[in-house]
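The listed protein sequences correspond, in order, to chains A and B. My numbering runs 34 ahead of the 1-based position in the first sequence. My numbering runs 34 ahead of the 1-based position in the second sequence.
Hints are supplied without guarantee of correctness; some may be wrong.
Note: identical chains are not told apart, hence a pair may lie in one copy or across any two.
Pairs of lysine-lysine residues, derived as DSBU-like cross-links and limited to a Cα-Cα distance of at most 30 Å, are as follows [unchecked claim]:
#1 Lys329 with Lys182
#2 Lys97 with Lys329
#3 Lys220 with Lys97
#4 Lys97 with Lys182
#5 Lys182 with Lys220
#6 Lys220 with Lys136
#7 Lys97 with Lys136
#8 Lys136 with Lys182
#9 Lys329 with Lys136
No wet-lab data here; the hints were simulated from the structure.
2 protein chains.
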Amino acid sequence: MKQETHLRANGPTRLQRDLLPRIIGLIRSDGLERGAHLREVALARRLQVSRTPVRAALEFLAKRGVLDWRPRRGFVLSQPGDSIAADGLPPAPAEIDQLCLKIAGDRMAGRLPIEVTQAELLRRYAMPRPLLLRVLDKLAEVALIERKPGHGWLFSPAIDDAQARMESYEFRRLIEPASVLAPSFKLDPLWISEMRHRHEAMLAAPWRETSSIELFEMNAAFHEGLVAAARNRFMLIAVQQQTRLRRFANYNWTYGYERVVASCTEHLEILDRLAHNDREVAAALLRRHLDNASKLRRPTEPY
Amino acid sequence: MKQETHLRANGPTRLQRDLLPRIIGLIRSDGLERGAHLREVALARRLQVSRTPVRAALEFLAKRGVLDWRPRRGFVLSQPGDSIAADGLPPAPAEIDQLCLKIAGDRMAGRLPIEVTQAELLRRYAMPRPLLLRVLDKLAEVALIERKPGHGWLFSPAIDDAQARMESYEFRRLIEPASVLAPSFKLDPLWISEMRHRHEAMLAAPWRETSSIELFEMNAAFHEGLVAAARNRFMLIAVQQQTRLRRFANYNWTYGYERVVASCTEHLEILDRLAHNDREVAAALLRRHLDNASKLRRPTEPY
DNA sequence: TCTTGTTTCATCGGCAACCAAAATACAATA
DNA sequence: TATTGTATTTTGGTTGCCGATGAAACAAGA
């Protein structure tokens, strides 16, 4: 078959997987209806990629029945944008982060010694060396591990330590409220309403196994979004690093459901204030929210 | 000759070069006298390395005449520690940073397009691919460049932009004074006095060509030292990143000598306050110092 | 002319192998 | 016994190559 020259039988590649949710996001935010024509070049430009991976992703969606395809006519929505089920798609949390997560987790659980070499890790986790190096560099960025001068890598003694947790909150407590108060702070009303929807949906839905990850990502998006609105790239970078660190350190929520409710409620309160541009109060609430979170102790895990 | 099995004729390797100043630093801070015996194992342990590179570094120093070597007796200081001339040694500003510096510089000068591929860079700068990748990742860490989703890398539009400068100062203005005021802040008196010496020496010496780099590194050490004293690893990481960013963006001082004097004076004032543990005033001075610096505009360069 | 289909070219990442040198174990000597 | 000298093992940076795939040019059809 000539028409799938560029799509391998084994399925979508990494880039193509990453593209899928973004394409669906565009379809949704554009409010496209059934029958709308998806132009390849336009998508490619908006996604900062060439047509090739876009085509592949579209073909994948066509196979899933989300799109219809007719020769010489391209891809067309087979259903309204907001009815597309998201769960069929691989959530794709950035693969490389997955590995960081796994290694950090193994270290915390004591399955890895405090000092390791690349070779050991390569033997333990079957992965290409360049990938491992990028993983290690990424862990080093958030100070979870450190290159020894000669050979070998040294995990920070205190990954799981309460100390690191405290420092992290101290840091965020400094940056996040300051962002909200920055003169350059400007929040997109659309972002506010979308964020509110997500929180309300989280509160409404029953607690499932996967909710933990969803919750984490929603929280991360909330905090990063606030800082992004201050339009200071360095603050944003710093907070993103914190997010990554926390992602590696605790992906699962162990504080009980009532804390979920409390956290969401606090977020919603902050959003309300920001919707009315009451930034002083919002910043104060944010500060208290972080304080509340920092006071929690993991009840179950014996770290 | 069997005795130099481990030292290649082409000279010290990267690790060995990095070891040289650290060894000399240890000799100095231990206040060793002429004739003192340098034990290999002890050095290796203190430097977190094996004996091999230590030996090589010591042999190098012996060739330079700093040490004497006798068979079966090891290395011995041929002169008192504080009389060792530091300038014969390669200063070694972390090679990888050198490359970042060069690439960032070429971009700023317009010698590189806004969008590049790995292959182009490999052709332009002769370097191994893994090294280039680490350089690019490092530049990405400070938001000077960004990986496109598919192929290619995109320089941030505003490397040299006044905007980035402003954001950087805003960020540091937030973090650095907060560090000084942190409850955990604790400064080593030795650090204070050494830092004061360096500043006084800088003021006393005439302005040479190389003073620019010296000045930059001294400033960096000053600001990083203050933040390090707050004992919050994330604040420290953030400030170190800022330092690296500034190192890449402007290694040369273009504000005139009177600003050098002013800056050093301000630093000394802050050090005085800190010596008396007057942290509130020190923090205020630090804030003003950063404000002063942020208001400067590069007079000469036409970016 | 604009969009899709097809082909070509360049790029990138994985893989295997190589080699300098770092780590380590062992021998020799003060 | 402590320290240096020597040999061995292991590591990690480097190189070259190959295949998958993204980018880009071209062709064809609405």
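Quick rundown of the hints versus the structure:
Within a single copy, Lys329 and Lys182 get their C-alpha atoms no closer than 34 Å, and across copies no closer than 39 Å, so neither meets the 30 Å cut-off. Proximity of Lys97 to Lys329 under the C-alpha cut-off of 30 Å is found in neither arrangement, the shortest distances being 49 Å within a copy and 58 Å between copies. In this homomeric assembly, Lys220 and Lys97 never come within 30 Å of each other (Cα to Cα): the closest approach is 41 Å inside a single copy and 63 Å across copies. For a Cα distance limit of 30 Å, the shortest separation of Lys97 from Lys182 across copies, 27 Å, qualifies, whereas the shortest one inside one copy, 49 Å, does not.
In this assembly of identical chains, the alpha carbons of Lys182 and Lys220 lie at most 30 Å apart only when taken from different copies (26 Å versus 43 Å within one copy). When the C-alpha separation of Lys220 and Lys136 is checked against a cutoff of 30 Å, the pair qualifies neither within a copy, at 37 Å, nor between copies, at 36 Å. In this homomeric assembly, Lys97 and Lys136 never come within 30 Å of each other (Cα to Cα): the closest approach is 32 Å inside a single copy and 48 Å across copies. Taking the shortest alpha-carbon separations for Lys136 and Lys182, both the intra-copy value of 21 Å and the inter-copy value of 26 Å come in at or below 30 Å.
In the homo-oligomer, the alpha carbons of Lys329 and Lys136 lie at most 30 Å apart inside one protomer (26 Å), although the nearest pairing across protomers, at 46 Å, exceeds that limit.
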